[in-house]
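Visitor: Here's the letter readout for the chains.
Number of protein chains: 2
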Amino acid sequence: MQTLQEFSFSKRFPDLPLISAATAEKYPDLIPLSFGYPARESFDIALLAQSSVMALETQGPESLEYTGGTGTGKVVEWIKQRSLLRSIKTESSNIIVTTGSMQGMDIVTRTLTDPGDEVWIEAPSFFGAIRQFLLAGTKLRTFPIDENGLKVDLVEQALKEARASGEPLPKMFYVMPNYHNPGGINLSLERRKKLAELAYEYNFYILEDDAYVELSFTGKYIPSIYSFGPERVIYLSTFSKIIAPGIRMGWAIAGEHVINKMRMLKSDGSTSVFVQEIISNFLSEIDFDAHVKKLNSIYKMRKDAMVLAIAEYFGDEVSYIVPDGGFFLWLTFHPEIDTSQFFIDSLKKGVNYIDGVHFYTENHQHNHIRLCFTFCDEEQIRRAVKRIAESYFENKKNCSVLKEV
Amino acid sequence: MQTLQEFSFSKRFPDLPLISAATAEKYPDLIPLSFGYPARESFDIALLAQSSVMALETQGPESLEYTGGTGTGKVVEWIKQRSLLRSIKTESSNIIVTTGSMQGMDIVTRTLTDPGDEVWIEAPSFFGAIRQFLLAGTKLRTFPIDENGLKVDLVEQALKEARASGEPLPKMFYVMPNYHNPGGINLSLERRKKLAELAYEYNFYILEDDAYVELSFTGKYIPSIYSFGPERVIYLSTFSKIIAPGIRMGWAIAGEHVINKMRMLKSDGSTSVFVQEIISNFLSEIDFDAHVKKLNSIYKMRKDAMVLAIAEYFGDEVSYIVPDGGFFLWLTFHPEIDTSQFFIDSLKKGVNYIDGVHFYTENHQHNHIRLCFTFCDEEQIRRAVKRIAESYFENKKNCSVLKEV
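Chains as they are written, first to last, in this note's numbering: chain A, 8 to 412; chain B, 8 to 412.
Bound conformation, chain A alone (with noise of 0.2 Å):
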């Protein structure tokens, strides 16, 4: 038998806390507020299986074999299309399909970056952004948003400040700006302008991440940051929420050298190309601004149901900014309250979500907490806000982190 020694992995994993949610496998039967899921009942089972039929009596020995680009073509057509209602008018050399935007992500971090390189980001964060950042060894900076977004002017001041003294200027700025995730907010029209402007003057990249755009309660849409910036935006979207998670794919938006360079990067070949003949299928069948309207009349109700059950179950104890759009809820306690206090008793009485500290690299912010409205039906939501609200007011003496100081 051979001694084993000890082996130095690479030094690109970082030491993150685990996703409070990950330790809710000991809790049988929770509500899950947690992770960013679509309604069941919005899938399309029978479509999917009718698509999936097709694609294969149809496409089946080419989607079968091929394992680069995008089969038929068609579902970048679409993506084509359906882009101009963001402003973007593109070519499909612009476009790569994504398993998932995820792997958007993370291709487009190493196309830009090398280890050491500075990323920006805003603070909340979506913590799955974060990590991919920090996997590519990337080092984070973090600006405030408040509820127009992104708090441009602070960024253009860093900006002025690290060329002035010579510290080093983001190679890449990830910002989310519809029903921003956990914020709910949206950037607004004259701070996409600005923030695009400053990418040229400062030269960096912006990367748009769009995921929630088609789920707007309002009917109404800002032009993407990617729409005043082409040559330094990297727009990403997903059907994650518009069709299923589970699928896996996703797009990117980009200019070609940079969609050529990210196409090296993407080590499983290509998104299954059997996958995207599926999908291709079922959204030439789908009548689709329907399905997004009943999509969203769906979660427009939900996020209600929690608005009411928060005023009555928390009253003046939280604030937030109600959002038009997207799936989530952001809940600010008073500045001394530590939510971390809590999460474990909520999870004890019934109800999973995630606690606000996973949004943040530094100076943690740790009077938070984010709610997904979009996977519970009402009388779910009702009884979990209910549940979380009991622990918070039992562990209220317990939560100061005025105590402690």
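Hints listed in this document are in silico derivations from the structure and should not be mistaken for laboratory results. Careful: at least some of the hints might be erroneous.
No copy labels: a pair is met if it fits in one copy or bridges any two.
Calculated pairs, DSS-like style, for lysine-lysine (alpha carbon to alpha carbon, straight line, at most 30 Å) [to be verified]: (1) K81 - K33; (2) K201 - K227; (3) K393 - K200; (4) K167 - K227; (5) K87 - K33; (6) K18 - K268; (7) K268 - K33.
Given the coordinates of chain A, assemble chain B onto it according to the supplied hints.
Guide: Just chain B, lined up with the frame of chain A:
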């Protein structure tokens, strides 16, 4: 309008020559002996359609919702059972389903290495793997193969010398033990054992790429390298060659702590649970041994046809080892022949293959070509080999590297 400054992309992109087959677009109606595609006749379209409908009807909502994990876990169970044939006894926690083998290579490389670390490989080796290793910023060192595979004695000598002189030791050795791509040879039992021993002694991991293991014309198998060193081997295989490449599904077997790290780098979340369920239904329904037997009987006939045609059209001009499995025949020309000199003419004559230079990273060898015998039927193979021979003989006088010296 903003002025556009030059942007410095990541330094990770290697300056590799285009794979010659990629230049084939100008020449339609080629007989393709280039990429390692399985026979289309081998796809069981009807059973895949049935499996898709079954997956949607029985596991639909769950598999469509679920973005991480293994679904019902039936694919992993199948892998576990099948691995026993490779002398691998393993647990589900040692297995990760990947979106094709290439994704496995990518995440293994980034798990084990940082940029600048050494990866040692065979020469020749698979161009797709070489690309992954360079994209991860590793340094490559190559070792020759002979009719018994990798010359492990030379590896041992290099390890000894590196240790003695304080030169860097490898973090990983990438090796293809069965039906080597492109060499077609198998690594002998003794060399497998010895290589595993060296991995313990010099503290590196072996990346055992076993994509072709099922494609045995003899039905005989040598135990995997993994079976001799489970703590220092990561084993990769794939459904690409035995079900279809377009489904994009493979797997890795390794120590649980390695698998857990790999999961963090798997930016597609998990390989589509929707597709995993389709494949698990497929595997439940099919007589897999009969299926593999059928594949091998088709491929053996095609290999025989290729060998016959080469003997007839090339005579003594080339040498090769007749593979007893896999996908490829590796032709070696006289040392002074530069095969790139008749590649374009072969394309013009209507045949496509991969020039040998792409399987090397240093000290390019220029007198090989790789032919895939699985995709085309016997008649096409015969015509294709005839065309290559014609190109060769017509250009032979211009193919000598000596004339240029």
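Visitor: Tell me, which hint numbers fail for this structure?
Guide: 3 and 4
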